[in-house]
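Undergrad: Please put together the full structure from these sequences, using the hints given.
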Amino acid sequence: MLRVSEGKTEGAMIGFLKSLLEKGVVEAMLIPKALPSQDGFAQTLIRDPEKLNGVCILSPTLPVQSARVASFLSIKNLNRKVAVVLKACEIRAIVELSKFLQVKLDHLCLVGVDCPGTFEVPDYSKMAQEGKGGEHLSREIFRRMENGEVIPPQGYSFRNACQICEYPITKADIHIQLFGYKTDQTIGLEIGEKLEKELEEKGILLDPGGESARRGDVLQKLIAERTKRRDSVFQEFKGMVKDLGSFLDRFSSCIRCHNCMVACPICYCKECVFRTAIFEHDGDQFLRWADRKGGIRMPTDTLIFHLIRMSHMVTSCVGCGLCDSACPSRLPVATLFRSVGDRIQRMFNYVPGRDASETPPVASFREDELKIESGAL
Amino acid sequence: MSDFEPRIIAFLCHWCTYTGADLAGTTRQQYPPNIRIIHLMCSGAVDSIYILKALIDGADGVLIGGCHPGDCHYQTGNFKARRRVAILKNILDQMGFKEDRIWMRWISASEGKLFADTVTKMVEELKKMGPNPMKQLWNA
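As you go down the protein sequences, you meet chains W and F in turn.
Quick note, our numbering runs 507 ahead of the 1-based positions in the first sequence.
Quick note, our numbering runs 40 ahead of the 1-based positions in the second sequence.
Pulled a few chain F residues facing chain W out of the computed Cβ check, cut under 10 Å:
{"hint": "1", "residue": "I89"}
{"hint": "2", "residue": "L92"}
{"hint": "3", "residue": "K93"}
{"hint": "4", "residue": "D97"}
{"hint": "5", "residue": "P109"}
{"hint": "6", "residue": "K120"}
{"hint": "7", "residue": "R124"}
{"hint": "8", "residue": "I127"}
{"hint": "9", "residue": "L132"}
{"hint": "10", "residue": "K175"}
{"hint": "11", "residue": "Q176"}
{"hint": "12", "residue": "W178"}
Rather than coming from a laboratory, the hints here were simulated on the basis of the structure.
Since this is a predicted model, take the numbers as computed values, not measurements.
Beta carbons are placed, not taken as given, at the ideal position from N, Cα and C, and that holds for glycine.
TA: In structure tokens, the structure reads:
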């Protein structure tokens, strides 16, 4: 565990991360830092330990999925160790991408942080202008993480995906624990045995001390609450989308910008089928369809785009909700993917991001499953 | 609905079901002419987009034919196709499209009779179901 002096929670965490850089445990660190304007955050890749001053480990926004960044960073010729400081959904996405050979974990040191939830980027920017962001906000969040009841500033709410996220924590090489700790005094640290030894050899001394006694209960309560909210959101969504017709109605304002696909950490294909000429039919073909059906809605590919994107990646959907945040029409894309994905992931007893050694359902099979006699599948 | 003739798009693998269909022909098995066959090297080459596009564009049923388990010419293509089809069917089911219009069957090169029977049965079932409601969606 880490001892916090003078109530400076962030300072204690930064101090620890600094020592990783200084002692050469890692040679660089990917970590969120506030923009000069102070109304938002961006991921930064830091080499100079001094530059870690002012980073925001628990950045309250998620402008891009850092799994994407980790993919660029690690996939070609990364020969030095880099620590990436991330939230649970980002780590889970990295784990999924590593299964599809889009992230190389060899030289990455995953540093996970307990996540209370994030705000939409424009919301946070407004919050900052009103003086409700910045240090004031982080202090308040740190304080409330002790009992797990983190409340957003009045008039604001966490992103929808965060409100129904049942994974506030996940496995990582180093896990910084905040839930259940008096964060103005101590912070938990969970480090793998091998890495712990390395830290010791390099002279990074950690305070001995077990996990906070309250942590288990706090997490259990938080996860139960979010799961309950998740189930009610699923229920509401299922009530809204009864058949393909009502789905099309709900998604009729989809402008096919493909932003959800661009923002999605799992959609990694360099050339997506929806970006090819496959749907650029001859004019005559459109007329033939219109002829057969009496009329068609143009453009024509909304239904097939969402259903096929879903069939390609929903088994690995980690529920980060960046598709929601990216949608200019404010469509409930994340709710759709999470709600449909939930049942499909259960079908294969698969939890995306659980373990890098698992194989994703679309890349594997069991001979004795999904029986086809000459009967139905 | 007695004059309704369903249209089936079939994706058949080269090594088993397509050859089985060939055998059905050469041995003069009778089966209804409602089927349009698309020849693929392996059922593992079937992507869910082929199936869904066929259904939305107006097919009443889609048949995917592959080798029996263990017989796949490419070792495991048929097993992977089976998962893909299962995922698509589950998605459609959750979106309220519960009709059984996507059939996946293992039919080997020597089972011409089974191929003819499968098509006959499928046409019967689809006739009972009537035209595919998906093609009524205003979305080509």
